[in-house]
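There are 2 protein chains.
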Amino acid sequence: MKLIWIMLMLNLSLIDFVQNTSSLEYKILYFKQKVDHFGYVNSEMYMQRYIIADKHWRPGGPMFFYTGNEGDIFMFVNNTGLMWDWAQKFKAMLVFAEHRYYGNSIPYRNKSYDELQYLGYLTSEQALADFVTLITYLKLTIKGAADIPVVAFGGSYGGMLSAWLRLKYPHIVIGALSSSAPLLQFTGLTPCGIFSEIVTKDFVQVSPTCVQLIKDSWIAVRRVGKTDKGLKWLTTRFNLCSSLTHESLEDFISWLKETWQFLAMTDYPYPTSFLVPLPAYPIKSCTEMVMPMCSDGRKDMFEPNPWNLTQYAQKCSKDWGVTPEPYKIQEMFGGRNISFGSNIIFSNGLLDPWSGGGILKSLSESLVAIIIPGATHHLDLRSANSRDPPSVIKARYLEEKIIKKWLHQARSLQ
Amino acid sequence: MKLIWIMLMLNLSLIDFVQNTSSLEYKILYFKQKVDHFGYVNSEMYMQRYIIADKHWRPGGPMFFYTGNEGDIFMFVNNTGLMWDWAQKFKAMLVFAEHRYYGNSIPYRNKSYDELQYLGYLTSEQALADFVTLITYLKLTIKGAADIPVVAFGGSYGGMLSAWLRLKYPHIVIGALSSSAPLLQFTGLTPCGIFSEIVTKDFVQVSPTCVQLIKDSWIAVRRVGKTDKGLKWLTTRFNLCSSLTHESLEDFISWLKETWQFLAMTDYPYPTSFLVPLPAYPIKSCTEMVMPMCSDGRKDMFEPNPWNLTQYAQKCSKDWGVTPEPYKIQEMFGGRNISFGSNIIFSNGLLDPWSGGGILKSLSESLVAIIIPGATHHLDLRSANSRDPPSVIKARYLEEKIIKKWLHQARSLQ
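Quick mapping for you: the protein sequence lines, in order, are chains A and B. Using my numbering, the letters of the first sequence correspond one by one to residues 1 to 414. Using my numbering, the letters of the second sequence correspond one by one to residues 1 to 414.
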């Protein structure tokens, strides 16, 4: 009962608060992008949506460029208050670029997700090339912007993209603030159970009893779900839109699990609507973003669920006709071996289960890890709030100082 | 007459000497590569040919990896004697990887060059990804090679690839010797006439009279070529296989021009067969490798031939249905703005017309330019020869010292 009560509360807090964005001034624009940046077989183009806010920009001021993640760009426009907070101070132009295949940036309209033939251009390499092309175009066409320094911002998968943009295209962005980016959540780099362990630890901190309840709940739900009467009871209790069946029980249990994971990721010090519509494992696809996840029911509060690459690959092959490439991201972007890079801030909230796959130690003088105790998933990217813990205030202060240093360096080189 | 005599001599020296390679020990192997590394629409694979020579390799010794350019890989196996000379000294394993769409590494067999649908995967980004995948595979599968440092070698376009491999994938190769690589021979980075000017300067050094003769020859050939009798005379004089016509006169003149350019590029201190079958402007394609070339007949000895991007693009559109992307390479690889990189040697022979688009000044402590007066197109990559000028001996000595330093650094980090 306690469990159900917590869940209902949780649902409420996730859905009912929508940040008011009417005070933000911006333009919505579209840029024609190549569907394939790395070959010439497909010459089709698509329209990439992006947002510009230049109210505070003054010539010489930088461009702050948000490398959009998996979702409608307004999700990130509305939940990256830090950039808005800083715009005036830095005299910065803000640009938020939507990630291909999300929001209104859909290469093949309603066919986009149907078949690999259309979906196959959804890769991080292509998304990065979109950003490179867009930044180049903006600098060329906006008066006074030809030589302005560009700083990439991103959180979560968007944080990976911002870091990779700096690593791969350092001539395009002078640095990147990569917040809560699980850059090491790939095969062989990080134990697959760490996400579940951090989620569990978060709950233990609040209430060990609650953790035990959740642990017990899996058996309870499965037992209750065995009978039609039990399914009906669950349907009523959880206020489900459609009646649970024996077939959909597994989905329901997944949903329960993901709810706890969401809560751990988004346990902000104040209510937000952020991340509601997202899956727990962003851009889980059967291609290159293979991020091993598991639980063992001992170090964590979930049902044992080992990571099985073979099984995973078989399912991908059956569903999509593709073989996943679990080492691709490391081959492309370096995995742990990125100390050759420069000017990246890796910030991680320690409550955030994704921090287990984050870069938590500075790799060099200019590859700086910022640890934020008591913070969840990219809290530092949000607007300053009276309920912010001191750790995130300090993190933002450090980030600001470092970015100012990059800008100073960039200007002295001109 | 003098002109014709020089040309006949030239023809002879280009064709008749083939380097004896029987003393080299190597294995010829094939590796299955994805045709498209950056998307999942095309899942086809092709076999990439590569050569391994591991006679002198000892565990812990490095891999020297030649990033194959446009041509059969044996062209580079046989003309990169430096790697063979150094194998024992460095206890190095040599690998020569063939560039996709050349030699025996043809994705779509005899259809490969027919239509864009097959040819469209011929890009430098895809070629680099081939190299990354191959190196990763070799390190994983060759016993004792898991952690060995890899140094990239390349000349000309292959030199671009070796530099780009280090810039883009520094976690894959610890450094690159990029010889005679016209990395700046792109739109807006280098005046289009510099190639023709250096060719002319080379000839002026030997004989200003000869330059005047060549300059005059264009008008003479065109005048003679106006009549059928003249065409016949040219056919006989130049020993042509098929009779010249008014239509083929332009091709003949191009061939004459390219002959002078070849001679300037390959004026080695001893006879070689290298570069014979190559076009003057490597991998000139209508896609990303747009390398502006022009002559004005004043600063050079050629007919005025301005660079016209619009016309060029129209022809590409007509012939291939593609629009060339003259700024693509700069967007992808940084153009002049690559000082963020590290561990690359840019060597250039000053007689080489391609040196005009080369990096001739060191960009940082570890991005080192080596200038080789009196040397032509990547002479430093060739075997030591008793007729080598002191400048190339010194260059190789410097290169060896720098590569040893990289290896030392790489080992101290392990």
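Keep in mind that the hints were calculated from the coordinates and are not lab data. Since the structure is predicted, the reported quantities are computational estimates derived from the model, not experimental observations. Any given hint might turn out to be false.
[Said to hold, decoys possible] If you want the footprint, here are the derived chain B segments under chain A, 3+ residues with CB under 8 Å: (1) 158-172; (2) 230-242; (3) 371-380.
[Claimed, not checked] Stretch by stretch, here's where chain B covers chain A in the computed footprint (C-beta under 8 Å, at least three residues): (4) 38-52; (5) 79-90.
Note that beta-carbon positions come from the ideal geometry of N, C-alpha and C, so glycine has one too.
Quick rundown of the hints versus the structure:
1. 158-172: holds (count 5)
2. 230-242: violated (count 0)
3. 371-380: violated (count 0)
4. 38-52: Since 6 is at least three, the answer is holds.
5. 79-90: violated (count 0)
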